[in-house]
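Listed here are the chains, written in short residue letters.
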Amino acid sequence: MEIFPESASSYSSDIDNLFWLIMVFVGIAFVASLIILIYPLIKNHHSKVPRAEYITGNQKKHLKWIVIGMVLMAISDFAILFIEHGTWAKTQEHVPDDVELHVSVIGKQWNWVFIYPGPDKKLNTADDVVVDQLNSELHIPINKNIKVDIKARDVVHSMFVPAFRFKYDAIPGRTVTRWFRATKEGKYDLSCAEICGVLHSNMRNFIVVESQEQYEEFLSNLYQSQ
Amino acid sequence: MTHELSFWRKYFFSEDHKVIGMQYIITGLIMAAVGGWLAYVFRYQLAYPGASIPLYGELGPAQFNSFITNHGMIMVLWVAMPLLLSGLGNLLIPLMIGTDDMAFPTVNMISIWIFILSGIILIAAFFVPGGAFGGGWTLYPPLSAGGYRNTNPEFFTALFSGTSLFILAVALEIVAMLMGGINFLVTVINKRAPGMTAFRIPLIIWFICIASLDFMFSVAPLVAGAVMLLFDNILGTGFYDPARGGDPILFQHLFWFFGHPEVYVILLPSIGAVAEVVSVFSRKPLFAYNTIVKLALVSAVLAVIVWAHHQFISGIDPRMATFFSVGTIIISIPFAGIFLSYMATLWGGSIRFTMPMIWALGMIGTFLIGGLTGLFLGSNAWDMFAHDTYFIVAHFHYTLIPVSLYGFFTACYYWFPKFFGIMLSTALGKLHFWLTFVFFTGFAFPLFFFGLKGAQRRVYDFSAFSELMEDPYVLINQVSTICAILLMLSQFIWIYSVVAALRKRKSSDPIGDNPWNANTLEWQAPSPPPHGNFETAPEVFHGPYEYSVPGHETDFHPQNKPIPNS
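As you go down the protein sequences, you meet chains A and B in turn.
Counting from 990, one number per residue, gives the positions in the first sequence under our numbering.
Counting from 3, one number per residue, gives the positions in the second sequence under our numbering.
For reference, chain A alone in the conformation it holds in the complex:
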């Protein structure tokens, strides 16, 4: 059984692998801690050991065990940070240059509004096409970099696409630009992950990933409907 949602973006497997990697460190730390915790409970029950040893733990020969534990923890910490930072930088710090589609996703109470660039392929121009419907779909082509401008009209929302392992808050007054590249055709949830009012849980749209031809057909229909 798959514990994660479907994996459909270029970095979703990076994020899943990160989970398993951290799990290795955390798992070892957890099992080791449980052994350190439980072993003396069995061995040193007062019926077997009527009088405890007098160890304050302040001498170097005793304190070294704590220091070793902390050093091991520090090594795990920096190993995790070193590896996860690559994924963070890739997903957040740089937006790729070769972008096929630059689209606005705007949160409002209670659905996501999509703004596609018009026939001039440029966003924020007069011919932009606005799709503002309950449960509407954002159509994107497969295997192409998509740049999203995330905005909000009223309160804070959070654009969450579990299949892409993508989430970013939509903040009134700000435009945040992030990117993803879908790698699998299909229809995926685009929900809101930040409480945004009474009908927060109804705020649910979809991302449809399709082939380049289907996507271009969708776009031409969209332009004609204007």
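Do not rely on the hints blindly, as some may be mistaken.
[Said to hold, decoys possible] If you want the footprint, here are the derived chain A segments under chain B, 3+ residues with CB under 8 angstroms: (1) 991-1004; (2) 1159-1171; (3) 1187-1193.
[What the hints assert, rightly or not] One-sided excerpt, in silico: chain B residues whose CB lies under 8 angstroms from chain A: (4) K455; (5) D557; (6) K563.
[Stated by the list, open to error] Using 35 angstroms as the maximum straight-line C-alpha spacing, the simulated DSBU-like pairs for lysine-lysine come out as follows: (7) A:K1097 - A:K1079; (8) A:K1037 - A:K1079; (9) A:K1133 - A:K1110; (10) A:K1053 - B:K563; (11) A:K1111 - A:K1133; (12) A:K1176 - A:K1111; (13) A:K1032 - B:K563; (14) A:K1053 - B:K296; (15) A:K1050 - B:K563; (16) A:K1037 - B:K563; (17) A:K1049 - B:K193; (18) A:K1050 - B:K296; (19) A:K1049 - B:K508; (20) A:K1049 - B:K432.
These aren't lab readings, by the way, just hints derived from the structure by calculation.
Glycine included, each C-beta is placed from N, C-alpha and C at the ideal position.
Mind docking chain B on chain A? Use the hints.
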């Protein structure tokens, strides 16, 4: 120094730290019942969407939102804080440092009554037109600054709206806690018994002081943030309104600058109680006591510089997020040291599985899961997926329940004989512990998997999300809900046990002042301690953890008695 007081002055408007401590604990327990009731109602809705909830009826989305919001705020500010910080702090500080009362008894009395008033205002918000606030306990504007309603009401309607009352209650609660915090610090600095040097202070008192410092350091920005929020609500200012030059992110910073240290504010008193218990029932000095104090100071400093890990994906610069990711993850280093010291205390000990010890060990074991899952969330790349999902919900229940429930019961089973002169039943105690342990695990552990599947928090009804309505996720929600209900019902065993013990108090044999053979000063006072605590002012000769000193027949040495030949 003792004199007769009227009934009201003795039990209601008392200036005695023990009465005030008990008042905090009783208020905290009443609020826990309120918070638990809210959890019961909305957990039932999550397991059986749209069903009529027994003893409540149907729950609409607006009530659902206000229930989760108030559940969160109540459990942190009105349960964990009064039980652990104010409750334990008031009960224990004067007794453990060997003095008669707090430095400012009247301020102390005012603090509990402001605290009770704040709780009343919070609950009153459920009964005003429009109902209680439902924008999440984190109070993010613009939702909390008028975004929840779409009209612009006149001043008095806005003042008595659920949102304003919620903010007001939070602000008053903080005022009460500040008065307590000042009192704790001044008392510990100025009123210690002769000979009670810094490194002879029991660890729990150190931890309560560090917690108070963290609280007082971090709370001012939140108060400022809350006042601006209140102004946005009732005066129509625009501190958080981007259309008028404000910024909603500002509030998130002010909130989490307080919100993250707050975790350590309740964690430290709790693990302080665990430290006392682990040492006493291993009959062994607390391993590396001085080092633990220093590590706790380090973690308290780190705690105030990591707040933005709650905002990795909230519009802060991604390069800045890296700084907060590093800070967050390295907090595990001092805590690894602290918990390893606790475990090292057990090695070579002579371990007695008394009720407080069982709770303390349960706290350490359970908190491990909560602490270690923090490493996942501290990694900002993985947090991008896990943020605001049930993975977070499971994580913080795995930290806050061991801290506030297990930690409180560790303290309760340990100090109950001191304050009431009678032990709690061990048989009932074991039943209480195991049921709590099993049902807590059954409630919180499955939620990790719900979150890993991408289930976001604060959703009223998952019916629309097909992936989350397949097996086993429906089952996960039902198991979690049933276990949460059973977890709450299990606590009645403890209530029964307390009532039974109090009823037997007059008829049973006295247990003596020091039933656990402990060193710290509170056990050298009569049980229960009278007004003024000690018959003669104690003097301190050595540290609190001198157990099993070689060459002596007894394995403990009260702090107020010199160790012969040393």
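List, from low to high, the hint numbers that the structure doesn't satisfy. 6, 8, 19, 20
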